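Participant: All letters in the sequence shown, in the order written, are residues 3 to 81 by our numbering.
Keep in mind the hints are simulated off the structure, nothing from the lab.
Please read these numbers as outputs of a predicted model, since none were measured by experiment.
Each hint should be verified, as a subset may be incorrect.
List of simulated lysine-lysine pairs, DSS-like, C-alpha gap at most 30 Å [unchecked claim]: (1) LYS13 with LYS24; (2) LYS40 with LYS13; (3) LYS55 with LYS24; (4) LYS38 with LYS16.
Label-pair distances were calculated between CB atoms; the ranges are [stated by the list, open to error]: (5) GLY4 with GLN27: 16 to 22 Å; (6) LYS38 with ILE14: 18 to 24 Å; (7) ALA60 with LYS30: 32 to 38 Å.
Glycine included, every Cβ here is placed at the ideal spot set by N, Cα and C.
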Amino acid sequence: AGRFGPRYGTKIRKLALAVDQKLQQRCKCPSCGAVKVKRVSTSIWKCRRCGVKFAGAAYALSTMAPPAEMKASGGAEEG
3 AGRFGPRYGT KIRKLALAVD QKLQQRCKCP SCGAVKVKRV STSIWKCRRC GVKFAGAAYA
63 LSTMAPPAEM KASGGAEEG
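Kindly produce the complete structure, drawing on both the sequences and the hints.
Facilitator: Take a look at the structure:
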């Protein structure tokens, strides 16, 4: 977030930098497996190889939430 210069404060610039870095990461397409996914708009992603559009998180391809199975079992593994 160097584009802001000394404006807006350190904390805000660091948060903006983290968002920018997430947007620039290469993402893998869930359909074809190619690393060619780009964000079209907020939460809408498109693969540049196979052309499939899908919804994801706003700044990353998927959220960092644990899977539903992990939530239901309380995170404990059976075995």
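Participant: For the pair supplied as a hint, LYS40 and LYS13, confirm whether the alpha-carbon distance does not exceed 30 Å.
Facilitator: Given that 30 Å is the threshold and the Cα spacing comes to 27 Å, the pair holds.
Participant: Against the range 16 to 22 Å, how does the distance between the Cβ atoms of GLY4 and GLN27 compare: consistent or not?
Facilitator: Between GLY4 and GLN27, where Cβ atoms are some 18 Å apart, the hint holds.
Participant: Check whether the Cα positions of LYS55 and LYS24 lie no farther apart than 30 Å.
Facilitator: 19 Å, holds
Participant: Evaluate the given range 32 to 38 Å for the C-beta pair formed by ALA60 and LYS30.
Facilitator: Since the Cβ atoms of ALA60 and LYS30 sit about 18 Å apart, the hinted range of 32 to 38 Å is violated.
Participant: Return holds or violated for the Cβ distance of LYS38 and ILE14 against the range 18 to 24 Å.
Facilitator: 32 Å, violated
Participant: Against the 30 Å threshold, does the CA-CA distance of LYS13 and LYS24 hold or violate the hint?
Facilitator: Satisfied, since the Cα-Cα distance of roughly 17 Å is no more than 30 Å.
Participant: Given the hint that LYS38 pairs with LYS16, test it: the Cα-Cα distance must not exceed 30 Å.
Facilitator: Distance ~27 Å between LYS38 and LYS16 Cα, so the pair holds.
Hints 6, 7 from the earlier list are contradicted by this structure; the remaining hints agree with it.
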